[in-house]
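**Q** Chains A and B are the protein sequences, given in the same order.
Position one of the first sequence corresponds to residue 13 (the working numbering), numbered consecutively onward.
Position one of the second sequence corresponds to residue 945 (the working numbering), numbered consecutively onward.
Simulated from the structure, these hints should not be mistaken for laboratory data.
Relax, there's no trap hidden among the hints.
SDA-like cross-link-like pairs, simulated, lysine to any residue; straight-line CA separation at most 25 Å: (1) B:Lys1188 / A:Ile39; (2) B:Lys1077 / A:Leu121; (3) B:Lys1012 / A:Glu117.
Chain B is nowhere near these chain A residues, computed Cβ spacing over 12 Å in every case: (4) Val81; (5) Arg84; (6) Glu85.
From a predicted model like this one, the values you see are computed outputs, not experimental measurements.
Heads up, the beta-carbon is just placed ideally off N, CA and C, and yes, glycines get one too.
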Amino acid sequence: MNGTRKNFFADRDIQVILGTLLRVGVIASMSVVLVGGFLYLLANHAAPIDYRTFNPNKSGLSSIASIFVGLRELDPKAIIQFGTLLLIFTPVARVVFSIFSFLIERDYLYVLIGSFVLLVILYSLSDKLVG
Amino acid sequence: MSVLLFTIIVLAGAFLAGLVGSLTGLGGGVIIIPLLTLVLGVDIHYAIGASIVSVIATSSGSAAAYVKEGITNIRIGMFLEVATTISAVIGAVLTVYLNPGFIAVVFGLILLFSAAMMVIKKVDRSDNDTSGKLALFFKLNGTYPTAHGPKNYAVHRVVGGFVMMFFAGIISGLLGIGSGALKVIAMDNIMRIPFKVSTTTSNFMMGVTAAASAIVYLHRGQIDPGIAMPVTIGVLSGATIGSKILVRTNTDKLKVVFAVVVTFLALQMIYNGLSGKL
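Using the sequences and the hints, build the whole thing.
**A** Written as structure tokens, this is what we have:
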């Protein structure tokens, strides 16, 4: 009985931290996107758009490395893309955090399951999947 | 069209999509993709890339609130994410080999299905009967808080739910949407998880599922900052306001009206896909 009680409280704490983590991630990434978007409109507002046909090389910001290069030059598009990257990594950070919390609870089955999910995401990070 | 005008139109459209999407439970992606492709002539690959980013934003934003209330079942979420992340990556890899017309037709069919699911009355089949060995082994059974204290529930047919989730993940990765309607089938109808738990847990999972395919899209150049920016900001702000007014609005009529609009969009997508206009 005592054991389940303890677990219950640990779970509640973890849920509060998880919620905060997600909220902070969304707010931080959206702020970066807003700043980038403002600078982007300032520089390009009169330019014509061209999204009629898909061109994989158009934005030039299709790898994490290229986003960081653009970020150093304060390229507005790279700033937006960096915000998007932060947003993508918010749920990934959530998975990492869950793995640690399962580890604290000594629930090794779920440490394994969480690590597997993380592995799938990390595998998609490698460029191998895009032909 | 200039960048400024395009941004304003997409921002307004995405705001509406997020607002109505959260009021009806359908999600923003299913509306923003037809808007971008049918109305603004954007290539469907760009539309999918922008939509998946907005899925991550709305899912993470609302999951933050639900998780704190202790309704979300984190183990069910993590367990089913094994299925959805693998299949979402597969879907995202597949999408580039498919003809845009074909994607549009599949999208239209999923839209029709989602519209039907939205108006059909849902029946809560959850119970606390003995569940199968798998649910016990994976510790999926749980409790959720009610006004009368915590309520227990048992999870059924784990394998069937897992397979259905795999399918939902493929559709999510293929079309850049949360595919909430399919996840509801898996969790409510097959696994018999109570509504409150299934909606919040499915929403909780959506972020990770979408992140897996978003990375593939990013590498492929499908996430263009000029489209992703207004779509994400618009959908997220619309969904946030929507969730605030949801508590004090009766959405039954809105759902019927919206189902008609979505059906119309779906037929338009299918027609344009078949006639090769997309």
